[in-house]
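First to last, the protein sequences are chains A and B.
Taking our numbering, I'd label the letters of the first sequence as residues 1 to 82.
Taking our numbering, I'd label the letters of the second sequence as residues 1 to 494.
Just to be clear, a hint being listed does not mean it is correct.
[Unchecked claim] Every beta carbon over 12 Å from chain A, so not counted as near; a handful from chain B, in silico:
hint	residue
1	Tyr253
2	Phe317
3	Val461
[Said to hold, decoys possible] Pair by pair, the computed Cβ-Cβ distance ranges are:
hint	chain 1	residue 1	chain 2	residue 2	range
4	B	Asp363	A	Val54	22 to 30 Å
5	B	Pro359	A	Asp34	27 to 35 Å
6	A	Val54	B	Arg377	33 to 41 Å
7	A	Ala62	B	Arg440	31 to 39 Å
8	B	Pro359	A	Val76	31 to 39 Å
9	B	Ala462	A	Ala62	27 to 35 Å
10	A	Tyr20	B	Pro28	51 to 59 Å
11	B	Lys76	A	Val76	38 to 46 Å
12	B	Ala462	A	Tyr20	20 to 28 Å
13	A	Arg58	B	Asp212	52 to 60 Å
14	A	Arg58	B	Trp432	36 to 44 Å
15	B	Trp353	A	Tyr20	24 to 32 Å
16	B	Asp212	A	Glu56	50 to 58 Å
17	B	Ser227	A	Asp34	47 to 55 Å
Read the hints as simulated data drawn from the structure, not as lab findings.
Every residue, glycine too, gets a C-beta built ideally from N, C-alpha and C.
Read off the chains here:
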Amino acid sequence: MIPLYGFVEGDTLGILVLAYETETVAELASKLQDAASVRVARRGRVELLHEGRVLESRCPIAAAGIEPLDRIDLRVVHDMPK
Amino acid sequence: MLKRDEWIDLARKLEWELSYVSEREAFPEIVSGRTWLPQQEWAGWDEPYRTTYAEYVANQHEKDRSVYAVRAALGKPSDYERLPREWLDALKLHAATLPLAEFAAVVGNLRAVRFGRDSAWRSTATLGALDELRHTHIPLLLMHELVRHSAQFDWTHRFYHSNDWVAIAARHYADELLLASTPIDFAIATNFVLETGFTNLQFVGLSALAHDVGDRMFETMVTSIQSDEARHSQIGGPVLEKVVQHDRAYAQYLVDKWFWRSWLLFAIVTGFAMDYLTPLESRSQSFKEFMQEWVVDQFMRMLDEHGLDKPWYWPIFEQALDYYHHMVYASAYTYRSTVWFNFVVPGPAERTWLRQKYPRSWDDIDPVWNRITERWREADPGNDFSVHGTAIVGFCDLCQIVLCAGTPRNNSATTLRHGGRKYVFCSEPCRWIFEREPERYGAHRDVVKRVLAGEAPANLVALLRRYFGLSFETWGKDAYRGEYAWIDRDGGAR
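Can you make the complete structure from the sequences, with help from the hints?
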């Protein structure tokens with residue numbers, strides 16, 4: 001397991017999340033939303049960022065270039081105006 | 001018979017030439033502090049109060065008599081029961097964090113009594129140590145006896161002996177500031193920055209709040225303590241002046257470091273009390289307004305008088321005035337069982353007031369309270385754990401406080417790899433302090449590192465009971481059990 005500091009957009013607090021190497025970025029994002037859900041309601045479209053880089057949602061954590069105790073950010077994806 | 005002014009300096013400012021040991025041996029730099037200067041450099045040191053021991057004892061006796069008189073008149077259960085519920089939680093917060101920190105300050109003063117570089121400084125520090133002993137005893141007596149009304153007041157004594165996360169943060173700060181500092185560092189960090197900059201004025205603000213709330217006991221206690229602080233804090237200025245003359249960069253560093261570190265804890269203790277735990281009708285100004293009027297303006301003048309610059313992180317501090325204590329309070333509300341006092345949800349009237357007082361930040365904070373309200377609407381009253389976090393939270397490796405700095409849109413936490421270890425900091429100033437003195441801070445383990453090392457349990461309830469020392473009776477809850485008239489459980493928030 002990889003401990004990570006997670007920050008959800010709109011939240012007031014940084015959380016420690018434990019990521020499995022085999023889970024995907026999308027699964028980790030979902031886990032992070034759950035962990036912050038008492039303060040921030042789940043959002044529809046979100047993306048996970050690591051050092052400013054958007055992580056591909058299907059990528060397994062083991063291949064995402066994340067190290068223990070790194071910072072990850074969950075950001076809401078806003079639709080572009082038509 | 002000699003008049004007072006004819007003998008006083010013989011008693012309080014008497015130097016002599018050392019003959020058996022050198023000055024450097026009698027006052028080694030490692031204990032006396034940087035910057036080491038020969039005694040003649042300190043010869044002009046003085047402070048304005050010039051109190052004699054006899055005057056001190058007479059004054060303190062009178063002050064103690066006033067406190068005991070108020071205690072005798074107001075110590076009845078009915079006096080306690082008529083205080084607003086949330087104010088009692090502000091009291092529990094102060095009751096825990098104040099007295100034993102004051103006791104640590106006894107040690108800091110006593111080190112100056114022996115190793116301070118001028119005899120007048122040593123004399124004044126003697127009275128300072130006695131002051132701090134008084135500031136330990138009075139709150140322990142007045143606040144701990146409230147345990148008959150609520151077991152949470154037991155934390156008046158227990159707090160600093162526990163491994164509660166707030167206690168770890170407070171010890172990390174107080175141990176360095178009060179127990180381990182040299183007399184020079186203590187004078188600049190405690191007397192100048194903390195006491196002159198923050199607590200002396202905080203006590204003025206708190207006594208006014210207590211007056212408005214109708215808490216005469218707390219008002220009397222705080223006023224009594226403040227008058228001592230005003231005197232012994234005067235040690236700081238003349239010490240700072242001398243260090244600025246000889247080592248300006250070090251003086252600036254101490255001021256910058258301790259202003260930031262003091263601010264973080266001050267924002268929690270005083271910010272919570274002023275903006276959340278005082279009933280709306282008793283609030284005369286917001287925490288930010290208080291800070292701007294009483295702390296910031298005065299601190300700027302003090303820096304200017306000593307030829308020092310504004311700390312480099314001032315724009316970060318100014319943003320924090322709008323955000324920091326709100327972010328910590330909302331976060332701590334959702335982890336209230338990890339502390340020893342209760343919280344309230346700000347209702348519509350409080351939130352209107354907060355929006356008016358914090359126009360720059362409240363739009364970012366308010367949605368969190370909407371969400372918490374929504375959660376309470378779905379939960380039964382008193383079911384605190386339905387509106388509570390369960391994930392482990394992150395702690396700053398410098399201040400040991402939760403990662404709540406920056407804004408909800410952009411939390412300012414930052415990581416650092418140093419000496420083969422990974423560290424996280426809530427803010428750039430905390431990281432900067434760590435990077436200046438990694439050997440001092442690097443080995444300390446925050447709560448998360450203790451959990452990961454297996455020292456502390458990862459399960460929340462086990463952590464509360466076995467590591468933090470809390471129980472169902474003492475851990476924090478919603479002060480109103482989530483039963484607010486403005487939460488309509490049938491139809492939504494009113």
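So, going through the hints one by one against the coordinates:
no., hint, in the structure
1, Tyr253, "27 Å, holds"
2, Phe317, "18 Å, holds"
3, Val461, "16 Å, holds"
4, B:Asp363 x A:Val54: 22 to 30 Å, "26 Å, holds"
5, B:Pro359 x A:Asp34: 27 to 35 Å, "33 Å, holds"
6, A:Val54 x B:Arg377: 33 to 41 Å, "35 Å, holds"
7, A:Ala62 x B:Arg440: 31 to 39 Å, "36 Å, holds"
8, B:Pro359 x A:Val76: 31 to 39 Å, "24 Å, violated"
9, B:Ala462 x A:Ala62: 27 to 35 Å, "30 Å, holds"
10, A:Tyr20 x B:Pro28: 51 to 59 Å, "55 Å, holds"
11, B:Lys76 x A:Val76: 38 to 46 Å, "54 Å, violated"
12, B:Ala462 x A:Tyr20: 20 to 28 Å, "23 Å, holds"
13, A:Arg58 x B:Asp212: 52 to 60 Å, "58 Å, holds"
14, A:Arg58 x B:Trp432: 36 to 44 Å, "39 Å, holds"
15, B:Trp353 x A:Tyr20: 24 to 32 Å, "45 Å, violated"
16, B:Asp212 x A:Glu56: 50 to 58 Å, "57 Å, holds"
17, B:Ser227 x A:Asp34: 47 to 55 Å, "52 Å, holds"
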